[in-house]
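A.B. asks: The lines below spell out each chain.
Number of protein chains: 2
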Amino acid sequence: MKILEEGKTVKLSHGNGGPETSEILNSILFSKVEETLKRVEGGVGIDVLDDGATIPIGDLGYVVISTDSYTVKPLFFPGGDIGKLAAAGSINDVVMMGGRPVAILDSIVVQEGFEINELEKIMESFISTLKEEKVSIIGGDFKVLPREELDGIIITTTAIGIAKKPIIDRPKVGDKIIVTGNLAEHGVLISLYRLGLEDKAGNAGLLQSDVMPLSKYLLPIFEKYGEKINAARDPTRGGLSEVLNEWALQNKLIIEIDEKSIPLREPVVKYTEMLGIDPLHLASEGVAVLSVEESVSEEILDELQKNGLSDAKIIGEVKKEAKEMGIVLMKTAIGGRRVVEPPRGELVPRIC
Amino acid sequence: MKILEEGKTVKLSHGNGGPETSEILNSILFSKVEETLKRVEGGVGIDVLDDGATIPIGDLGYVVISTDSYTVKPLFFPGGDIGKLAAAGSINDVVMMGGRPVAILDSIVVQEGFEINELEKIMESFISTLKEEKVSIIGGDFKVLPREELDGIIITTTAIGIAKKPIIDRPKVGDKIIVTGNLAEHGVLISLYRLGLEDKAGNAGLLQSDVMPLSKYLLPIFEKYGEKINAARDPTRGGLSEVLNEWALQNKLIIEIDEKSIPLREPVVKYTEMLGIDPLHLASEGVAVLSVEESVSEEILDELQKNGLSDAKIIGEVKKEAKEMGIVLMKTAIGGRRVVEPPRGELVPRIC
Numbered sequence: 001m002k003i004l005e006e007g008k009t010v011k012l013s014h015g016n017g018g019p020e021t022s023e024i025l026n027s028i029l030f031s032k033v034e035e036t037l038k039r040v041e042g043g044v045g046i047d048v049l050d051d052g053a054t055i056p057i058g059d060l061g062y063v064v065i066s067t068d069s070y071t072v073k074p075l076f077f078p079g080g081d082i083g084k085l086a087a088a089g090s091i092n093d094v095v096m097m098g099g100r101p102v103a104i105l106d107s108i109v110v111q112e113g114f115e116i117n118e119l120e121k122i123m124e125s126f127i128s129t130l131k132e133e134k135v136s137i138i139g140g141d142f143k144v145l146p147r148e149e150l151d152g153i154i155i156t157t158t159a160i161g162i163a164k165k166p167i168i169d170r171p172k173v174g175d176k177i178i179v180t181g182n183l184a185e186h187g188v189l190i191s192l193y194r195l196g197l198e199d200k201a202g203n204a205g206l207l208q209s210d211v212m213p214l215s216k217y218l219l220p221i222f223e224k225y226g227e228k229i230n231a232a233r234d235p236t237r238g239g240l241s242e243v244l245n246e247w248a249l250q251n252k253l254i255i256e257i258d259e260k261s262i263p264l265r266e267p268v269v270k271y272t273e274m275l276g277i278d279p280l281h282l283a284s285e286g287v288a289v290l291s292v293e294e295s296v297s298e299e300i301l302d303e304l305q306k307n308g309l310s311d312a313k314i315i316g317e318v319k320k321e322a323k324e325m326g327i328v329l330m331k332t333a334i335g336g337r338r339v340v341e342p343p344r345g346e347l348v349p350r351i352c
Numbered sequence: 001m002k003i004l005e006e007g008k009t010v011k012l013s014h015g016n017g018g019p020e021t022s023e024i025l026n027s028i029l030f031s032k033v034e035e036t037l038k039r040v041e042g043g044v045g046i047d048v049l050d051d052g053a054t055i056p057i058g059d060l061g062y063v064v065i066s067t068d069s070y071t072v073k074p075l076f077f078p079g080g081d082i083g084k085l086a087a088a089g090s091i092n093d094v095v096m097m098g099g100r101p102v103a104i105l106d107s108i109v110v111q112e113g114f115e116i117n118e119l120e121k122i123m124e125s126f127i128s129t130l131k132e133e134k135v136s137i138i139g140g141d142f143k144v145l146p147r148e149e150l151d152g153i154i155i156t157t158t159a160i161g162i163a164k165k166p167i168i169d170r171p172k173v174g175d176k177i178i179v180t181g182n183l184a185e186h187g188v189l190i191s192l193y194r195l196g197l198e199d200k201a202g203n204a205g206l207l208q209s210d211v212m213p214l215s216k217y218l219l220p221i222f223e224k225y226g227e228k229i230n231a232a233r234d235p236t237r238g239g240l241s242e243v244l245n246e247w248a249l250q251n252k253l254i255i256e257i258d259e260k261s262i263p264l265r266e267p268v269v270k271y272t273e274m275l276g277i278d279p280l281h282l283a284s285e286g287v288a289v290l291s292v293e294e295s296v297s298e299e300i301l302d303e304l305q306k307n308g309l310s311d312a313k314i315i316g317e318v319k320k321e322a323k324e325m326g327i328v329l330m331k332t333a334i335g336g337r338r339v340v341e342p343p344r345g346e347l348v349p350r351i352c
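First to last, the sequence lines map onto chains B and P. Residue 43 in full-length UniProt numbering sits at position 43 of the first sequence, and the numbers go up by one each step. Residue 42 in full-length UniProt numbering sits at position 42 of the second sequence, and the numbers go up by one each step.
Here chain B stands alone, though its shape is the one from the complex:
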């Protein structure tokens, strides 16, 4: 663990969701908490890098819980807004742990002078997403900061679900890697906005955010295939590369994916090339990555596609145990092999 030096300050890259985020969290938090307080006994806590945490509740199984602060800019974008993102994002983190979401809490911090009709639109979008999901809103907070101290709005949501048996990410050798939809759609759209290029893409209807809750697609699969699902994660901050690298590193595995099979739409490829960003580093907000036993992989793919996720693909597999360090490899379209690195540095701030 890298010790942070005296006099250092927080960088934008510390918030990118990749190795720099792990570094600062290790330094200020994880390394300072004694082992027994890193989880509730029998559950999952900060000792395991996953989308959420679990608390055992006897015969009912586990409470699954996840919290995230949403700071995306722009607040409104094709396909959604910060309200939909704040609902779907935390719901998906519970779903990825195998939890059935039942409730959400929201804490809103907004600047003085924020337009109330914009706030209403955001909340309507938040509420309608919860309504579709039948997730209750059971509590929250509301604070206002002077305009000198905050520009815009931050929504922190905590989603709570129940799981008979949570999915704790442990990909196994031989597993197939499935992604449930086209990747990087949300990330490339927001990147274009951040760079002032939205007219080129979003507004012309070529791109829109993929933000959506995944419960109805994934919970039936998780229920049916149970212990044959070895890992599930949504590739938000840091994209597919971050998810696969975390899996590979933590479990000392060689994961190999095939570039040709990665579902990326043509405008996404075009704009990531234009921006010089690797699409595997860019966020999706309505896609899952699964690591499932080979014996059921085709069947699961088939069911996902039949149930509406027609772009789902098998993109690779867990090849073998690593001798030294876990690593992610990719067979490139032109026949070679390259290492898929996790994102480093300040990529695209404020995508979620």
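One or more of the hints may lead you astray.
Heads up, the list lumps identical chains together, so a pair's fine if it works in one copy or across two of them.
Mimicking BS3-like on lysine-lysine, the simulated pairs with C-alpha atoms at most 27 Å apart in a straight line are [what the hints assert, rightly or not]:
#1 LYS11 with LYS38
#2 LYS134 with LYS32
#3 LYS121 with LYS164
#4 LYS121 with LYS32
Since the hints were derived computationally from the structure, they do not count as laboratory data.
Fit chain P to the supplied structure of chain B, relying on the hints for placement.
C.D. replies: The following block gives chain P in isolation, referenced to the frame of chain B:
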């Protein structure tokens, strides 16, 4: 319900925790959520104004959960800092519902350029409070915003506890009102800082924040007296007047308190007079207000005092049912009676 007009903007007063906060939340949220989605079936949600929410979990009772965003400035103050406040504040909200806190999640949003050694101090204080309470930290989020968009740090914590039988605030006629310590200590200290007057008070050692977790003082009382505790709340934003007014209004009660018996230390009285602020509107962060059956009130007071809360006092009672609207009255020190209004307007921003 007052409908917010087109073109209006969010005011600082919307975040004061009083009637204006209720107004805006009614307008943008509560009135838009269908009844069945205001709670998890069998639990408490946004349909009840209380410190937290509950979710039934079978034989074990209920999960109690509460979330709050901490935005206090200054970040460091005599008696604590934003880290201790973020831990104690959400823990206390779970305790006030009768829950035994078991876990917390924290979501940190910090500005680019924030000093890492300040962040470390804040996290050390956060962690040491959790350690004393034996509360596990099980998850969270970390985001960095550019300095143009955020000044400082916002910490949102969600605390989770378990309660066999939660305390849902329903004060009853005949109940005695107990406060467990000197009031307004946190609020007056932060007010002086906000006005640039900290040299007068805090730095001279006259005042310090009362921020502390209340679990060890209150959970044994709640366990012992069970259903004889009819309500429990911590008077944070909006102070004692907000808690009592909410109780009176929601339950259509006349609550009467006695000015002479309200525990306020001399420097607190002096500085609130100087500032022209009613101390009953100012926050405490380590005090509870209880509404308990008269038959056990003296005994409870005695136990609180013996266990270290030596300033605890009985300050009044639930007089009778209101014919029209619930109201809070106070016998003044000079023998009259006045209505205790809830705080309105922008009082003291950023106290929590």
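A.B. asks: When the structure is checked against the list of hints, which entries are broken? Sort them ascending.
C.D. replies: 3
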